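Assemble the whole structure, with the sequences as input and the hints as a guide.
For the record, the sequence lines run as chains C and S.
Note that this note's numbering numbers the first sequence so that position 19 is 19, with each residue one more than the last.
Note that this note's numbering numbers the second sequence so that position 144 is 144, with each residue one more than the last.
Just so you know, the hints here were simulated from the structure itself, not pulled from any lab data.
There may be inaccurate statements among the hints.
FRET-style restraints, in silico, Cβ to Cβ [stated by the list, open to error]:
| id | chain 1 | residue 1 | chain 2 | residue 2 | range |
| --- | --- | --- | --- | --- | --- |
| 1 | S | D6 | C | K292 | 39 to 45 Å |
| 2 | C | S214 | S | G178 | 46 to 52 Å |
| 3 | C | L145 | S | Q52 | 56 to 62 Å |
| 4 | S | K223 | C | F57 | 38 to 44 Å |
All figures in this text were calculated on a predicted structure; none of them were measured in a lab.
Beta carbons: idealized from backbone N, C-alpha and C, even for Gly.
Here are the chains, one letter per residue:
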Amino acid sequence: MTATTMATSSPAPSDATSGQARDRAFWGVLMLAPYILVFAVMVVYPVVYGLWIGLNFQSYKALFADPIFFRTVINTIIFLFVAVNLKFLIALFLSGFFVAQRAWVRIVLVLFILPWAVPSIPTILSFRVMLNPENGMINQQLFQLFGIMEGPGWLTDPTLAFASSIVVHIWKSLPFWTLILVTGRLAIAQDLYEAASVDGANKWQQFRFITWPSLATLYVTSTLLSMIWTLGDFNSVYLLTGGGPGDLNHVLATLGIRYMRNNNLDLGVASIIVAMPLILPMVWFMVKRLSKGAE
Amino acid sequence: MKRLLDEGKLILIAIPVLIWTMLPIYHLFVLSISNQESMLAGKLWPDQPTLQNFQIVFKQQHYYLTNFWLQLFNSFLIAITTGLLTLFIATCAAFAISRLKAPGGRSIMNFALATYLIPAAFLAIPMYKAMGTFGLLNTRTALILAMVALASPYAIWVLKQASDKLPKELDEAAIMDGATSLQLFRMVYLPLMKPSMVVIGIYALLLAWNEYLYAFLLLSSEKELPLAVGLGLFLSADDAPWNLLMTAGLIYAIPPAVIYYGFRNNMVSGLTSGAVKS
Numbered sequence: 001m002t003a004t005t006m007a008t009s010s011p012a013p014s015d016a017t018s019g020q021a022r023d024r025a026f027w028g029v030l031m032l033a034p035y036i037l038v039f040a041v042m043v044v045y046p047v048v049y050g051l052w053i054g055l056n057f058q059s060y061k062a063l064f065a066d067p068i069f070f071r072t073v074i075n076t077i078i079f080l081f082v083a084v085n086l087k088f089l090i091a092l093f094l095s096g097f098f099v100a101q102r103a104w105v106r107i108v109l110v111l112f113i114l115p116w117a118v119p120s121i122p123t124i125l126s127f128r129v130m131l132n133p134e135n136g137m138i139n140q141q142l143f144q145l146f147g148i149m150e151g152p153g154w155l156t157d158p159t160l161a162f163a164s165s166i167v168v169h170i171w172k173s174l175p176f177w178t179l180i181l182v183t184g185r186l187a188i189a190q191d192l193y194e195a196a197s198v199d200g201a202n203k204w205q206q207f208r209f210i211t212w213p214s215l216a217t218l219y220v221t222s223t224l225l226s227m228i229w230t231l232g233d234f235n236s237v238y239l240l241t242g243g244g245p246g247d248l249n250h251v252l253a254t255l256g257i258r259y260m261r262n263n264n265l266d267l268g269v270a271s272i273i274v275a276m277p278l279i280l281p282m283v284w285f286m287v288k289r290l291s292k293g294a295e
Numbered sequence: 001m002k003r004l005l006d007e008g009k010l011i012l013i014a015i016p017v018l019i020w021t022m023l024p025i026y027h028l029f030v031l032s033i034s035n036q037e038s039m040l041a042g043k044l045w046p047d048q049p050t051l052q053n054f055q056i057v058f059k060q061q062h063y064y065l066t067n068f069w070l071q072l073f074n075s076f077l078i079a080i081t082t083g084l085l086t087l088f089i090a091t092c093a094a095f096a097i098s099r100l101k102a103p104g105g106r107s108i109m110n111f112a113l114a115t116y117l118i119p120a121a122f123l124a125i126p127m128y129k130a131m132g133t134f135g136l137l138n139t140r141t142a143l144i145l146a147m148v149a150l151a152s153p154y155a156i157w158v159l160k161q162a163s164d165k166l167p168k169e170l171d172e173a174a175i176m177d178g179a180t181s182l183q184l185f186r187m188v189y190l191p192l193m194k195p196s197m198v199v200i201g202i203y204a205l206l207l208a209w210n211e212y213l214y215a216f217l218l219l220s221s222e223k224e225l226p227l228a229v230g231l232g233l234f235l236s237a238d239d240a241p242w243n244l245l246m247t248a249g250l251i252y253a254i255p256p257a258v259i260y261y262g263f264r265n266n267m268v269s270g271l272t273s274g275a276v277k278s
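Written out as structure tokens, the structure reads:
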């Protein structure tokens with residue numbers, strides 16, 4: 001408050017610039033205040049509280065003694081490795097398709113973006129119903145078209161159920177990353193390709209020596225960012241299989257919530273804290289990278 | 001000949017891409033116009049397409065749909081409030097950091113970025129606990145606050161980048177004329193930032209509309225729930241009224257899809273530019 005009175009009560013001409021500087025400092029702080037308040041109350045306080053709960057070493061003992069936890073760690077690693085790499089290989093390939101200069105390809109692109117544009121709840125539940133082993137459309141069609149009496153247990157067989165979660169995850173997030181790589185490809189100068197094809201370079205050589213070197217940084221950064229977010233994908237696992245059958249298919253994002261819903265908050269917090277050594281270095285690296293890019 | 005061959009290759013890629021993309025969405029639509037019988041038979045197209053499901057949903061004639069309109073209203077309320085609050089907070093913060101060079105602005109930007117990057121599912125448990133302490137559990141306010149906290153960091157970052165691109169000379173000229181910070185904000189910054197602000201408002205609105213996990217954790221009474229969680233309640237049904245679930249799901253999916261397609265060009269460039277910049 002004092003800053004305003006000072007800024008408005010001393011507008012002597014010689015003092016104008018310092019008055020303006022004070023005005024800027026005052027409004028700078030005031031306009032940051034709403035976010036700082038939200039950040040302090042909704043992020044800092046909960047995180048500190050969580051860390052405090054996480055100081056209880058008994059919870060880690062209990063956590064490591066829980067067989068579901070070990071299964072979950074393995075699942076999370078497989079999920080990350082398979083889902084992210086598969087997604088990016090497909091995205092890299094499809095980005096080459098979507099840069100084709102055709103009007104109809106642009107229409108395909110508009111449809112292709114749908115999974116990203118519509119909310120995940122209805123579409124994941126649609127997958128869930130479709131993959132239902134008894135009455136789902138997929139197995140019913142397998143029966144009607146090929147006479148297969150007992151179709152695969154898409155959601156009841158542990159391995160298949162896990163694979164189905166990965167498929168749903170890729171279905172949902174593929175459009176976004178494909179778009180990113182399309183943007184990256186469009187930034188490459190076209191005359192490079194023209195020069196290369198004059199020199200007789202084939203498609204593979206053009207990819208190997210022009211496209212890939214230009215895309216590599218973007219590809220790696222995007223992969224890293226996608227890894228962090230894939231680690232936090234709750235919906236693809238929870239809404240499709242609920243972490244089942246028999247709690248065999250949890251990932252870290254769903255396991256913490258499962259503990260919490262079973263009134264075991266300490267274990268929930270502990271399961272998040274053990275993931276931090278994996279997450280924080282990636283977050284730190286990305287923050288440096290993004291804030292540098294913004295300068 | 002070569003051109004024809006190229007076209008053929010492109011079509012060979014396009015067909016599986018379209019089937020993969022559209023299958024779950026098509027399935028959602030087909031079930032919404034199927035009766036119980038053709039749904040359970042897994043028909044690719046119902047024998048007698050019907051709009052009866054929509055009638056049942058609109059009239060709330062099923063146990064799981066008792067609060068359909070209220071939950072739809074909740075979804076709107078939560079999304080719009082989150083959008084407006086986030087827009088206010090982020091527009092002010094980006095102005096302070098980018099144009100006023102507020103002290104500590106850089107570190108706040110970095111903290112915000114870290115919040116944005118840490119997966120929301122990992123913040124959910126501590127935030128749930130904190131909401132309990134604040135006595136806000138099972139109120140829509142809790143969900144709105146959580147969504148504002150999750151949406152603001154990215155919003156600030158995008159707006160700051162957009163603001164950094166505005167020419168410095170504008171500020172300098174205004175300051176020479178003796179403009180105060182507030183006048184700078186109103187007359188220079190706001191008019192030029194409008195396009196980015198639209199993108200960010202929609203981003204926050206869609207984030208809140210689509211959110212499942214936080215709504216599912218923070219709210220429990222059926223009258224407070226947004227439709228997203230209301231749909232999840234169907235999962236505990238024994239008689240599997242999937243066609244009703246898909247019908248309600250379709251209705252729930254339409255507003256974001258319409259908004260998204262209406263602002264398609266702004267959204268795609270606005271939201272992906274940040275990631276590419278790095």
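Earlier hints that do not hold, by number | Of the numbered hints given earlier, the structure breaks just one, which is hint 3.
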